[in-house]
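> The task is simple: from the sequences and hints, build the whole structure.
There are 2 protein chains.
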Amino acid sequence: MSKKSVTIKEIADIAGVSVATVSYVLNGKKKISEKTRTKVLAIVQQLNYTPNLSAQNLRTQDSKLVFALVNSINSSFNTEILAKIDQKFDSRGYQLLTLTGKIPEVIRTNIFDGGIVLNYNLSFDDLEDLARHVHKKMVILSGSTPLKSASIVSMDNESGMTLILEELYKSPHKRICFICGPSESINNQERLAISEKIFKSLFQRDDFSIHVYNGFFNSDAAYEVALKLMKSDSYDAFVCFNDSMALGVYQAAAELGLKIGEDISVTGFDNIFFSRHLTPGLTTVAIDKDSWAEAVVETYLAFNDENHEPTITKIPASLKKRKSIQLRDNT
Amino acid sequence: MSKKSVTIKEIADIAGVSVATVSYVLNGKKKISEKTRTKVLAIVQQLNYTPNLSAQNLRTQDSKLVFALVNSINSSFNTEILAKIDQKFDSRGYQLLTLTGKIPEVIRTNIFDGGIVLNYNLSFDDLEDLARHVHKKMVILSGSTPLKSASIVSMDNESGMTLILEELYKSPHKRICFICGPSESINNQERLAISEKIFKSLFQRDDFSIHVYNGFFNSDAAYEVALKLMKSDSYDAFVCFNDSMALGVYQAAAELGLKIGEDISVTGFDNIFFSRHLTPGLTTVAIDKDSWAEAVVETYLAFNDENHEPTITKIPASLKKRKSIQLRDNT
DNA sequence: TTGTGCCGACCAGGCCCCGCT
DNA sequence: AAGCGGGGCCTGGTCGGCACA
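Respectively, the protein sequence lines represent chains A and B. For the first sequence, our numbering gives the first residue as 1, with consecutive numbering after it. For the second sequence, our numbering gives the first residue as 332, with consecutive numbering after it.
Accuracy of the hints is not assured; some may be wrong.
Examples of chain A residues lying across from chain B (beta carbon under 10 Å, computed) [as the list claims (entries may be wrong)]:
id: 1; residue: S5
id: 2; residue: T50
id: 3; residue: P51
id: 4; residue: L53
id: 5; residue: D86
id: 6; residue: L96
id: 7; residue: S219
Read the hints as simulated data drawn from the structure, not as lab findings. By construction, the Cβ of each residue, glycine as well, lies at the ideal position given by its N, Cα and C atoms.
Here it is in structure tokens:
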């Protein structure tokens, strides 16, 4: 299999010039006469020659490949932001390669210029470990704790969670429960911490922890949990730490004939695409994904400066009001 | 930036052995005494050495990297199957790297062992062009027309479309329209062709083409189209060529107070995750994604045999009955 | 002797310094 | 001065060979 690919040497031989000349023609770093230039290019074209990237990277110690490490490629939240980042890297001459797995071998080798990590389920320790291995440009898309050699561009969970709980406070529904994500997730940890703070101060209650249920950030688990809780009629407000889980809550409500926005209130986080397609629309926390993606790419490229030090950037969140919260007056 | 990484030569120097010895220790192709082995490994461990993949690939002319080219990473259909393929490649020692773009430069270079193409919007000509460039293992996940140097493992659109239209035939709703995808998409072409055939034979009508509307495979466009059509009350059955578009139809129906499964019928294709979370559940065409992924990986690995010839495999489709079609009697 | 254990040296493809005409 | 080429080098794999028991 895999026919041998044509090399620069073959091009040189056929064109009757040296390898050096072909190389110069291809990357235009030196003046070459128009005559040889066209001759070489014609042969390159004809033989469909492409430089061997391994050889190129090896020699130049440089690469325009950027990895994106994600916990799962099958997640709307991940792919929505990934699509934008991909696009922005592309316009700057970098190619984004998405890969999954805890810490794949391949990122420890040096075919990549650097990478970004978009991963709900990577603990701080995992990140430190990763940063030790990838001694290059690295941007993490979650968390707030500075890392030795990676920048952070993450969403502002604190303001986001505050916005949504303040909105929910306007509802007559006050028997709140929290459907949260996996404990390893940094975003989950942050959302949990700030929720507790607000719950205590705004709702003036001290029994936060007993109203927290794990939905593992996925709709099926959240569905199971919600179904049980609804049957026992313990709660009339469901604060989901992401939109996927809100979807599971919607499904449970539909099954039991509960009207969302009337009988119960439901909130999400992330504003992924289907949250506006639900009936009623899901009130959730949005973050401008375009700005986020832009910040990620800029932060990444900032490593190109000599002596650049890692930075931490927080992307502001806003409230996306729809109809899943019942409000006292219809404001 | 990017501290210089440690090389095999440094390891050799520190261990007081030759590079050859270190190399043999690392890939165990030759007997090395236990004593030197442990000594070398200790230093490798300590300096956190990882072989330079570019150098390795260059020398061995071999790679365990597989690309997955997709039109968009932000599509549930793509990511659901991708996640499974990723996993199966992983268990066979290959690393899957997902990338987007028409024909990215990087796949023409030889850092990849080969790749798969999962792309609704790549025409046959694009595929031929791609196959010319990637003269290696290649598996395409759509289409039926044999390619010179790539295998095909695609879903059986014909049987899928037949199943769903036969089911719809049991409904009293007979004013059918078809919401289809972009014309370049091979899957769209196949679904369109077979729909026309069945429409003519089963429903015995000859005016197929005037009931076809383009929804571009995305929910927003489908929503716009559906809203207009519903307002004019021209149709009571909406056959969507994928589930995303069915989502748009659901939204339009909700807005106009139309009950799906009662006032109108809606069908999908692909059975992506949220189709079972909708209310009512979406009746759609399912394909066993696990079998599909398995077939893709097996087909890919078959290229390892000498003189392997490209193959074409069709993955069977089945009907996922839910409640979005109104049936005459409640069977 | 006949291995066993190790090493020197070359090779893979392409970039680019430096020197030649 | 303008155009071109020789050859070292980036890193790691591997073959033939050599020393030593």
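> Each hint needs a verdict: does it hold in this structure or not?
Hint check results:
Taking 10 Å as the C-beta cut-off, the interface hint given for S5(A) holds, the closest approach to chain B being about 6 Å. Because the smallest distance between the Cβ of T50(A) and any Cβ of chain B comes to about 4 Å, under 10 Å, the interface hint for this residue holds. Restraint check, P51(A) versus chain B: the minimum CB separation of about 7 Å is within 10 Å; hint holds. Against a cut-off of 10 Å between C-beta atoms, the interface hint on L53(A) holds, since the closest Cβ of chain B lies about 3 Å away.
At a threshold of 10 Å, the smallest CB-CB gap from D86(A) to chain B is about 6 Å, leaving the interface hint in force. Among the interface hints, the one on L96(A) holds; its C-beta lies about 7 Å from the nearest C-beta in chain B, closer than the 10 Å criterion. With a least beta-carbon distance of about 6 Å to chain B, the hint placing S219(A) at the interface is held under the 10 Å criterion.
In summary, the structure agrees with every hint in the numbered list given earlier.
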